[in-house]
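First to last, the sequence lines map onto chains A and B.
Numbers 1 to 64, taken from our numbering, label the letters of the first sequence in order.
Numbers 1 to 132, taken from our numbering, label the letters of the second sequence in order.
If you are wondering where the hints come from, they were derived from the structure by calculation, not from laboratory data.
Source: prediction; values computed, not measured.
Treat the hints loosely; a few may be bogus.
What the hints assert, rightly or not - For lysine to aspartate or glutamate, the following DMTMM-like pairs were computed, each having C-alpha atoms within a straight-line distance of at most 20 Å:
1. B:K3 <-> A:D21
2. A:K2 <-> A:E57
3. A:K2 <-> B:E2
4. A:K2 <-> B:E72
5. A:K24 <-> A:D63
6. B:K3 <-> A:E18
7. A:K24 <-> B:E2
8. B:K9 <-> A:E18
9. B:K9 <-> A:D21
Said to hold, decoys possible - Partial selection, computed: residues in chain B whose CB lies under 10 Å from chain A:
10. Y73
11. L74
12. L76
By construction, the Cβ of each residue, glycine as well, lies at the ideal position given by its N, Cα and C atoms.
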Amino acid sequence: MKNILRELRAERGWSQAELADQLKVSRQTVNAIETGRYDPSLPLAFAISRLFRKSIEEVFLADP
Amino acid sequence: MEKSSHERKVFSRYNAELFGALILYGIVLTITIYVGEPLKNGLEKTLILITPMGPFLLMIWVIVRLLRRVDEYLRLTILENVSIAAAVTAATTFTYGFMENAGYPRVSMFAVWPVMGAAWILVGVIRCALDR
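Kindly produce the complete structure, drawing on both the sequences and the hints.
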């Protein structure tokens, strides 16, 4: 599953650690999601989309 | 790399709890060796010498608390690393067991723990290298 988390974070000028703080996760978790090595659980995906005021489908894109 | 405050909080609490459990284990171990060693073999000596397993159970509880506190990705990676390390340990100790049949010296079961620890570190290092 692809996502635009890195772009959204860059728009706000946040570091991975700053984003991780807001999501109450580790920096490695943010890094793993951004690089596509890890697909988050539904609760975390909802938390991410809520934080950026977007729908889950706008942040996470299903592989074709 | 910078850690998130969530991560710092979780791991500083874990380190404090584990350190406390280790100190308690060390104290109980020292006392039981001092008191238990001179005794004759039997139930009383056995019970005294296995008393350090009380604080050891505390360490298990500390690890369970850590796994419940860390976020989902860290929990997954920790459990994956431990699983792979356990499999590597099983392969290593089985191999040495067969080597003992071929005449190699008998080694205490306690040797399994350093093998497990080394395998865990090795798996962690390889994962870090691959994740870069």
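Here is what the structure says about each hint:
no. : hint            : in the structure
1   : B:K3 <-> A:D21  : holds, 9 Å
2   : A:K2 <-> A:E57  : holds, 10 Å
3   : A:K2 <-> B:E2   : violated, 25 Å
4   : A:K2 <-> B:E72  : holds, 19 Å
5   : A:K24 <-> A:D63 : violated, 27 Å
6   : B:K3 <-> A:E18  : holds, 9 Å
7   : A:K24 <-> B:E2  : holds, 15 Å
8   : B:K9 <-> A:E18  : holds, 14 Å
9   : B:K9 <-> A:D21  : holds, 11 Å
10  : Y73             : holds, 4 Å
11  : L74             : holds, 5 Å
12  : L76             : holds, 8 Å
In the structure shown, a violation is registered for the earlier hints numbered 3 and 5, in ascending order.
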